[in-house]
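Student: The chain contents come next:
4 protein chains.
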Amino acid sequence: MIKAGIIGATGYAGNEIVRLLLGHKDVEIAWYGSRSYIDKKYADVYRNFFQIVDAKCMDDNMAALADQVDVIFTATPQGLCASLVNEEILSKAKVIDLSADFRIKDVAKYEKWYGIQHKSPQFVEEAVYGLCEINREDIKNARLVANPGCYPTCSTLSIYPLVKEGMIDPNTIIIDAKSGTTGAGRGAKVDNLYCEVNENIKAYGVAGHRHTPEIEDQLSYACGKDVVISFTPHLVPMNRGILVTAYASLTKDVSYEEVKAVYDKYYDNEQFVRVLDKDVCPQTKWVEGSNYVDVNFKLDPRTNRVIMMGAIDNLVKGAAGQAVQNMNLMFGFKENEGLLQVPMYP
Amino acid sequence: MIKAGIIGATGYAGNEIVRLLLGHKDVEIAWYGSRSYIDKKYADVYRNFFQIVDAKCMDDNMAALADQVDVIFTATPQGLCASLVNEEILSKAKVIDLSADFRIKDVAKYEKWYGIQHKSPQFVEEAVYGLCEINREDIKNARLVANPGCYPTCSTLSIYPLVKEGMIDPNTIIIDAKSGTTGAGRGAKVDNLYCEVNENIKAYGVAGHRHTPEIEDQLSYACGKDVVISFTPHLVPMNRGILVTAYASLTKDVSYEEVKAVYDKYYDNEQFVRVLDKDVCPQTKWVEGSNYVDVNFKLDPRTNRVIMMGAIDNLVKGAAGQAVQNMNLMFGFKENEGLLQVPMYP
Amino acid sequence: MIKAGIIGATGYAGNEIVRLLLGHKDVEIAWYGSRSYIDKKYADVYRNFFQIVDAKCMDDNMAALADQVDVIFTATPQGLCASLVNEEILSKAKVIDLSADFRIKDVAKYEKWYGIQHKSPQFVEEAVYGLCEINREDIKNARLVANPGCYPTCSTLSIYPLVKEGMIDPNTIIIDAKSGTTGAGRGAKVDNLYCEVNENIKAYGVAGHRHTPEIEDQLSYACGKDVVISFTPHLVPMNRGILVTAYASLTKDVSYEEVKAVYDKYYDNEQFVRVLDKDVCPQTKWVEGSNYVDVNFKLDPRTNRVIMMGAIDNLVKGAAGQAVQNMNLMFGFKENEGLLQVPMYP
Amino acid sequence: MIKAGIIGATGYAGNEIVRLLLGHKDVEIAWYGSRSYIDKKYADVYRNFFQIVDAKCMDDNMAALADQVDVIFTATPQGLCASLVNEEILSKAKVIDLSADFRIKDVAKYEKWYGIQHKSPQFVEEAVYGLCEINREDIKNARLVANPGCYPTCSTLSIYPLVKEGMIDPNTIIIDAKSGTTGAGRGAKVDNLYCEVNENIKAYGVAGHRHTPEIEDQLSYACGKDVVISFTPHLVPMNRGILVTAYASLTKDVSYEEVKAVYDKYYDNEQFVRVLDKDVCPQTKWVEGSNYVDVNFKLDPRTNRVIMMGAIDNLVKGAAGQAVQNMNLMFGFKENEGLLQVPMYP
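Chains as they are written, first to last, in the UniProt record's numbering: chain A, 1 to 346; chain B, 1 to 346; chain C, 1 to 346; chain D, 1 to 346.
Any given hint could be a false lead.
Coverage of chain C stretches by chain B, computed from C-beta distances (three or more under 8 Å per stretch; other residues unrestricted) [claimed, not checked]:
#	segment
1	138-145
2	197-211
3	225-233
4	260-269
5	276-290
Computed cross-link-like contacts, DSBU-like style, restricted to lysine-lysine with a CA-CA straight-line distance of at most 35 Å [said to hold, decoys possible]:
#	chain 1	residue 1	chain 2	residue 2
6	A	Lys-252	D	Lys-140
7	B	Lys-109	A	Lys-56
8	C	Lys-105	A	Lys-56
9	B	Lys-119	B	Lys-265
10	C	Lys-278	B	Lys-109
11	C	Lys-334	D	Lys-3
12	A	Lys-41	B	Lys-298
13	D	Lys-140	A	Lys-298
14	B	Lys-252	C	Lys-109
15	D	Lys-140	D	Lys-25
16	D	Lys-105	D	Lys-41
17	D	Lys-119	D	Lys-109
18	B	Lys-278	C	Lys-334
19	B	Lys-265	B	Lys-252
20	A	Lys-41	B	Lys-109
21	B	Lys-278	A	Lys-3
22	A	Lys-189	A	Lys-164
23	C	Lys-334	B	Lys-298
24	A	Lys-56	A	Lys-109
25	D	Lys-189	A	Lys-298
26	D	Lys-334	C	Lys-260
27	B	Lys-298	C	Lys-3
28	D	Lys-278	D	Lys-189
29	B	Lys-25	B	Lys-265
30	B	Lys-25	A	Lys-265
31	A	Lys-252	D	Lys-189
Everything labelled a hint here was simulated from the structure, so no lab data went into it.
Treat the numbers as computed from the prediction; the structure is a model and nothing was measured.
Ideal placement from N, C-alpha and C gives every residue a C-beta, glycine not left out.
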């Protein structure tokens, strides 16, 4: 049994880490960090935990926390983890950062896209990008894991096999993504009010969303050359879920079976990636509340393109679930421990 | 490890039984009955179960099923269970019926409100009304459990302590209930189409809903005399959840503390009933996906009334979860086995 | 052609006044007041008005405004209108106040329920309660109209005929109301975020909501004696609409036809009140975007109660539409001018 | 004053034609055709029209109808209009067909994509494609107008100027479209039930949706050569609205101002097409209930692509509104007559 601390426990991702860890037999939560709610009962912020969690919210003193726990989750805005982490902390506790601070190896690129100065560039090289299906072995030995973004998780896993195998031209990739509104966080903004989001859909961050370089990096590693993509996220009137629809030109004439074989090669042994049956399109509802990624593809001979699709629960595989999966790898637990929730439908 | 069969596995309640039993360590599902989808893969009907459930749908041959399993769940329309069950079946397997067939002890009353003839009146007396918090001991020994309706579960548990203790005049009780749309089932009807339900709210079954006598019966047992109530259900644009707002006149002048003490007397030891803190109103979202019932009350000295409120997930505590809780009691498992899901928020 | 000014034009009710007045042939909007957005283009706040409204937002200088317009709408928080209005303003322009400042004739009662001091008690007596169907003649001559609250509009019109005719015992009235989320306003609060409201329902303001005394006053006027009611509002995951379900004990044995005749007596000549056909329950969607009030009732001989139901669009008949209807009466326009929108479905 | 008949009046598009024509000063509805509801009061099918429409539903006898009206709207499934229309009908009444029967000039292409035999190929050449902003003059003289599909309307208007001016390579066009659920019609199917659509998003018709050739045809006409595109529609949990996000490679290096000038060239004089301000992305809610098309674009120098966006209300500009706009042109009414609804927000 290890102890875990969460910094940013009152955001939606933090709340989901709590939900998952409460069902994890090897972990006990020792610290519910939330600067905004210090000393308030955690279950008074999220009453779903009434009579389940008795703890009060703590501050974000990462150094003090590192003395008390084995693993620290930082579910905080960009920049905070990088400003708090240091060698002493990392020598005491493993850190899983759900922000973007350690996802991008090129610090200048990070600073450009995020518009802030990186406070801990010395740990960027060491940090492991926590996309379990791709970096499993490195994650096992990591002290610091950069938990992938929600869009990059869904996008990369939907596309990766075909890029890796050279089946598509990576510079023709266009990713059109749709996200539920938990992805916008719990900040009190007019744009995220019920009446503004409900019965509405819009694109945002067009040609400039910060998850773009993160996806490009992963695809570049896959094919060994620089990849530039178009990425457009959309806000959808639902709480949870990301759906990715990605387009790319095929490099050669291929059959359904050939492409299917490539997906199977990478995902047959992956419990959390489900390659759907032929002609079945992923739906976000089919993975809700679970750590699954549902992917599929459709060939379009008319345009010589393939349409690749993927669906996740953005709070689970896109955030908290993947963080727990990373923790399981880092501590030698069963990789699916605490992550066997069957999707809830409807 | 026992074996379970489900008749009506492709309705929303049946689907939820599957979800819950898959996480139950003492039960294996041996039969996914669905007359409409015989021989079709169950996971092709509910793709949330893709790569999780491999079985195909079976018919509703209850006699054959009784030879193979220890417990049978009937999640079917009114009348079906009563038309299938018989002494031989009950001698082989325990039956938990999620329909109304065995909930009402007065067969004539059942036939009047439901407009059908009862096909197995001989088992009505024996059947135990499966509201675990009230009939726990009887359930433990039952062969046939009538799993309570969704509205009656939420209504009865919200009101029961004050009726039982004589704090309210039972004939002044007015129950205004609001339900998510899974309560309307998965039948293809225009009234239940997305565009008809979305951005809309309506009452239905006014002064004639079939759950009325079921609630009245339970309250009558509680106070030892016949109770007649007003019950009005409403359809709310959300998938899951029932909220009950109930009104009644107080029989005497009481303080918050006195009423609270009554709720605590009945629910302090009940894991699945949470009496919320003072002035906190239940919200359906706080119990979503879980077996909890959140209840609370508010005194209104101006009118000498008390407003009693309750919230459940209609598919869990209002159907599948309570059925599993009943099964646990009937088979001597831990009462909360397979039911420890933390509510999912948001 | 008269000129209108709106103070509070960037709230949801103000935005709806703009929508309606743009389609009104006798009115021109001369002032879009919004303290929060001064000098910002109105259509940059509400882009539905792009290329339709070119004006910029103005302050809330009511005195300056009165020099320029014939009618002033105040769609502002409680207290503001009372703090701005004065004799000089009223001598120049008619004022329609959408806040509660002038709805309650007993100033002490207002101050108790709203928790603020009334700044203009001298105008309370003069102000006319703008429920057109009841106070039509007085409204025609008013300088200052108190536009009714959304819940009181729907509640009063649903119940009024039976109280007026003595068919129900007014002190048994229980009103259970359900509102879409525009009723909560456009303030940036966590409780009103999409993810908090969506897939959720809750009661609020139980036994203490400020619309209670407003409803009680109107019903008291109707029956000539003090009425005390129970009123419970609920927040529903939809943008627009209020549904009222009201319960009361009948004073004598009556038939459907007798009750129907009473409703018809009051509403047969009212264009905006539709008494639905027998057994048809109002649905908020059927009045969306329109000024209609749909009402109906159901007798329940078992309990000797009648269930009265009503549905409105809270932003139209519950706010902006009724304000325009009042304006039409005050200026001698056709009462339905600018209010002939057919409900939009779905 | 002309008379109009509607065949298919009880579908969602037919219902919307009724809503719009009721507010049109030059048209009277003389025939509410609906094979499914013959002799039933129209307002009993759509109660929003209670006390507004008194008529009963009629059959779909187009020949009889042509004797009584000046214009016939067919809001019916593919194939029906083509099977009913004939020279005699067209000699008596103008026909506006909301189905796809006369949208595609190549009959073989129509038959291939729609999988049915065309019953009136002799009228295909004569029929005018009713995209008013592009074919205005031809529409004015037409007897038979093929009202464009919802996706093609939004897609074509979003892309057309850049294709027409050669600014983008048409064969790189990828259109990712998102639609509200009214687009799926009012048929009682499990897939369109509230609980299946709500909290869910999915692609459908991938690489095979029937609106693909319709869009390709229009873009081909614009650039004078055959265009092949990728088109992927998605089902979004909302009632109304289509959002199009389209991607294409630029043919040369262009500035924001240059592209803006092209959009302005085509749309400056178009009342119903609004080119939004720089960096403002269209939202479906901003056009809800109105005939507007909001379009905008974003240049992405990193990829040398332009992202083109458009939003409509699928039932208005995507169906009924455009049909009325076509009628206005065909009968010499003001083009915007009956179409001046301000978008309803929120």
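Student: Checking against the hints above, which ones are violated?
Tutor: 1, 4, 6, 7, 8, 9, 13, 16, 18, 20, 22, 23, 24, 26, 27, 28, 31
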